[in-house]
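Here is what each chain is made of, one letter per residue.
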Amino acid sequence: MVNVQGPWSPLLGRLSLGAIPDNPIIAGAFIFSVLLGILVLVYLTYADRWGYLWREWLTTVDHKKIGVMYIIIGLVMLFRGFIDALMMRTQQVLADGAHSPGFLGAAHGYLVPYHFDQVYSAHGTIMILFAATPILVGLMNVVVPLQIGARDMAFPYLNALGLWLTAVGAALVMLSLFLGDFSHAGWVGLTPLTELAYSPGVGTDYWMWAIQISSVGTTLGAANLIATIVKMRAPGMSWGRLPIFTWTALSTNIIALTSFPVLGVALGLLGLDRYFGTHFFTAGLGGNLMLYSDLFWIWGHPEVYFVILPAFGMMSEIIPTFSEKPLFGYVTMVAASFAIAGVSWSVWLHHFFTMGASPRVNTFFSVATMVVGIPTGVKVFNWAFTVYRGRSRFDTPMMWAIGALFMLLVGGLTGMMLAMPPVNYSVHNSVFVVAHFHTMLMVVVYGILGAVSYWFPKVFGFRLNEALGKRFFWSFTIGTIVVFIPMYTSGFMGMTRRLDYLTNPALMPFEIAEEIGIGFYLVSIYYFVRQLYVSLRDRNANRVGADAWGSARTLEWLAPSPVPFYNFAVTPRVHARDELVWRRGQGLEGAAPPRYEDIPMPRNTSVPLAIGALALGLGFGLVWRIWWLTDVSFIAIILTVIARSFVRDTDYVVKAGEVEGIEKRLRQRAAEAARAATSASGIDALRPRESNP
Amino acid sequence: MAHDAHDPLQHPEVRLVNGRAYIAAFIVATALMTAALAVALHGSAVPHAMLVLSGAAALAIAVQIVFLLQLDFSSTQIWTTVSFLLAAPLFVIAVGLSMWMFHSLDARTMLMNLMP
Amino acid sequence: MITASGDMESARSGLWEPHYHHDVIATRTLGFWLYMLSDAMIFAGLFAAYGVLSHTYNTAGGPGLHALVHPWTAYAETLAVFASVLAYGGVMVALKRGNRAGVLLGLVAAFVLGAVFVGLEVHEFAALFRMGIYPQGSGYLSAFFALVMTHGIHMAFGLLWMATMFFQVAAQGFTDKTVYRLLNLKLFWHFQAILWVLVYTFVDMRGVL
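Protein chains in written order, with numbering that gives the first Met the number 0: chain A, 0 to 692; chain B, 0 to 115; chain C, 0 to 208.
Think of the hints as simulated: they come from the structure by calculation, not from any bench. Among the clues, some could well be false.
Claimed, not checked - Covered stretches of chain C, going by a simulated chain A footprint (3 or more residues, C-beta under 8 Å):
(1) 52 to 65
(2) 87 to 101
(3) 127 to 137
Since this is a predicted model, take the numbers as computed values, not measurements. Don't be surprised by glycine CBs; every beta carbon is placed ideally from N, CA and C.
Using the sequences provided together with the hints, build the complete structure.
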């Protein structure tokens with residue numbers, strides 16, 4: 000165990016009153032969070048919702064509710080990450096040129112360099128690991144079991160555990176805002192800057208343990224999803240009939256399962272350096288600091304495809320539904336997903352071409368990177384051909400899917416440029432690279448936002464407001480264009496990334512444009528929140544039946560909306576790739592099962608929540624070096640797991656009569672919704688139904 | 000996949016177990032590791048000793064996978080086998096490409112000169 | 000395929016699969032196997048780190064591999080691991096025959112042999128520490144200790160699991176849950192033996208060469 004600077008006590012570790020930062024921005028954020036927290040607590044108590052929260056959400060093992068909680072965590076963190084982006088853009092627009100003014104103790108702009116560095120590190124860490132990843136895992140959680148006709152995930156208890164470990168990671172990141180500080184070494188954790196000698200504070204430890212704990216959750220979730228897809232498919236759901244989103248979920252979780260452990264190793268070895276004084280990544284005594292980059296990107300690059308493949312899957316579900324045509328090239332789509340997943344394992348050096356490996360090595364990784372363009376191109380053409388001569392409707396999900404297609408085009412082409420080592424050498428670490436990977440991640444964001452509006456009615460039983468959804472889409476898209484085109488340009492002009500102060504006044508117009516773009520994003524957030532509010536308010540007018548869009552194709556739209564906790568009253572038998580289209584063609588769309596049966600279901604359990612709480616104690620203790628807390632938490636986790644394994648009574652049975660009652664009620668409500676929809680527009684009833692080819 | 004789960008001992012994965020396979024695996028793997036020890040102790044006498052050791056390790060692992068984990072393409076074990084076949088190359092890629100790139104890096108940053 | 004619209008009732012009954020259940024044990028063992036493959040990637044990362052950090056430069060003038068390994072201790076450890084796996088084979092054979100006493104006896108034997116392995120390794124490290132060789136000495140030593148100790152910690156967790164299973168089988172007999180846990184423990188224990196072959200060959204024997 001190494002000694003650290005500053006005071007340390009056995010009881011509180013490094014924690015002291017000095018850990019509370021004195022900065023008006025953080026104080027404002029703190030007051031905002033506390034007020035929000037008090038508001039939630041008061042509401043829960045006043046409306047007597049504590050029991051409901053405990054029974055229906057905190058102890059649940061229902062894959063849909065767990066998925067929704069994942070998505071809520073992700074959206075909250077997305078907002079936090081956006082605020083970080085807003086702060087960075089504002090700093091760069093203010094701190095431009097030698098005569099730019101300084102506020103709040105900063106020489107230029109309003110953020111001191113150390114604080115600015117924390118902001119961009121937090122932005123990256125949050126957006127990748129605590130926004131994109133949880134939302135995608137949440138969507139896969141909700142949709143995959145429904146798409147394959149399963150009652151739940153293969154391991155419902157493990158699923159809840161994964162959720163709470165992710166929540167612990169997010170909580171540690173948020174905690175770092177008010178207690179101590181966050182890493183200032185970039186979201187990738189540049190070595191040897193992250194070593195104790197250069198980062199003696201707790202910031203790096205927060206970053207490290209937040210990622211480490213949440214990535215354990217993601218790994219467990221990946222094993223769960225793969226086992227679900229392999230073992231839990233309904234009869235007739237052969238591999239050739241599996242919906243594309245499930246295929247991409249499978250490929251993406253293969254990536255997660257195999258790559259997250261390597262991240263664990265990279266961060267674990269860094270932890271050994273920081274806590275035990277070993278020399279893995281130090282500059283002296285035989286350490287190799289590029290080894291960290293190597294291990295980090297062995298995970299990091301597959302992670303890029305981990306986030307983008309589900310987005311491809313979402314687009315592949317949305318586009319056929321709103322083109323009323325089967326997906327073009329199903330087999331090539333599946334093959335392309337797995338080709339991308341496979342090649343993703345041999346491209347990671349392109350993140351550090353400039354390390355100085357031999358031309359032979361660089362060439363290998365350059366060619367491998369370019370190869371990724373082939374299956375991606377196949378996908379783009381498949382989507383285009385699906386829309387071609389289809390009966391296209393531009394509902395909000397379709398708008399997002401088409402938007403994602405354009406983002407993919409721009410991001411993919413700039414990616415091809417960066418894949419060439421000579422180009423890469425000249426733009427390495429410029430904001431051109433930043434603009435490139437943001438455009439790629441926009442594919443993910445567009446996919447996610449499309450998927451949220453697409454599957455929202457499935458989970459909650461009513462559609463989101465269409466007009467506000469479109470305003471959300473357009474303000475968001477204008478924001479994207481106005482931020483990232485200037486960013487590409489300034490990158491070409493030589494602006495490096497991670498600057499808290501710009502020396503070149505010629506960059507000023509671009510910074511102003513980007514600030515305006517951020518303004519559009521702010522407007523889009525307003526429309527999103529308003530969309531949620533209005534839709535919730537008018538939910539009775541927007542109720543939908545099982546098939547929320549009138550032209551849905553896959554199995555999840557067979558279950559009632561909102562989906563009851565057991566998903567399907569009787570397991571459906573699958574006859575075609577687009578089962579719903581097949582049933583529609585046979586005139587069997589609304590067919591109910593002939594008789595209901597008892598359903599065995601897993602019981603709710605508070606154990607995953609308890610393990611999550613202990614993991615929070617473990618993480619917090621490790622950050623502040625409070626050894627009694629880490630020891631107690633760690634031993635308690637092991638004992639809890641062992642104790643839980645002795646529990647035999649983990650399931651219960653839902654009686655057939657109860658199932659019948661729930662189904663009848665849902666059908667009645669769906670019929671009312673259908674009547675209301677027909678009288679409102681009359682269009683849905685007239686829409687011709689195509690048969691399954 | 001539907002089966003009556005009343006007696007877990009009748010599950011195909013329990014029935015798969017074979018006592019003789021265990022003994023065979025023990026004998027073969029031990030013999031291989033003993034041979035590896037012999038090769039290592041007399042390394043100078045054996046040409047391409049590291050290659051021989053790697054071969055012995057690969058064989059021992061193959062024996063354990065086939066006889067102990069009983070990976071095959073039967074309907075009971077097919078997914079275990081497929082997932083292993085998908086994951087094993089990633090192990091090799093992660094280790095192999097890392098060592099390759101750092102080998103070239105060491106040569107180009109002239110760390111070789113630091114060798115005694 | 001149903002084409003005639005007349006026979007609606009039979010068409011409808013073909014749409015559902017009543018009383019459909021999943022194979023719990025097969026799902027559990029596959030899930031755990033996937034976790035083991037994930038665990039293997041931890042070792043991939045550690046082997047990569049070990050491979051990169053085993054340049055002479057990384058020893059920083061300190062002891063290299065030759066000074067660290069003892070061929071005969073490593074060989075004894077190998078025998079202990081393999082024998083423990085064989086004893087666990089006894090557990091599996093007894094399980095197949097439904098012999099609870101046999102399972103418990105096999106668990107004890109596998110535990111004792113596994114403990115011998117862990118004991119030998121602890122002894123080996125204690126000897127290194129006495130010689131003043133610590134993980135903090137150089138990048139190379141850090142990688143060496145991290146790799147071998149991670150395997151050792153896995154073995155220790157396996158022992159904890161065996162002890163738990165001993166009491167669980169003694170208390171609950173052969174239920175779905177205990178049976179799939181015994182099968183999962185089999186996967187875990189055999190996988191550690193496979194990884195040991197890699198450590199033995201590429202760390203110990205390579206050092207002896």
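Here is how each hint holds up against the structure:
1. Counting residues of the segment 52 to 65 of chain C whose C-beta lies closer than 8 Å to any C-beta of chain A gives 6; at least three are required, and the coverage claim holds.
2. A count of 0 residues in the segment 87 to 101 of chain C with a Cβ less than 8 Å from any Cβ of chain A is obtained; the coverage claim is therefore unmet, three being the minimum.
3. Check on the segment 127 to 137 of chain C: 4 of its residues sit with their Cβ under 8 Å from a Cβ of chain A, so the three-residue criterion for coverage holds.
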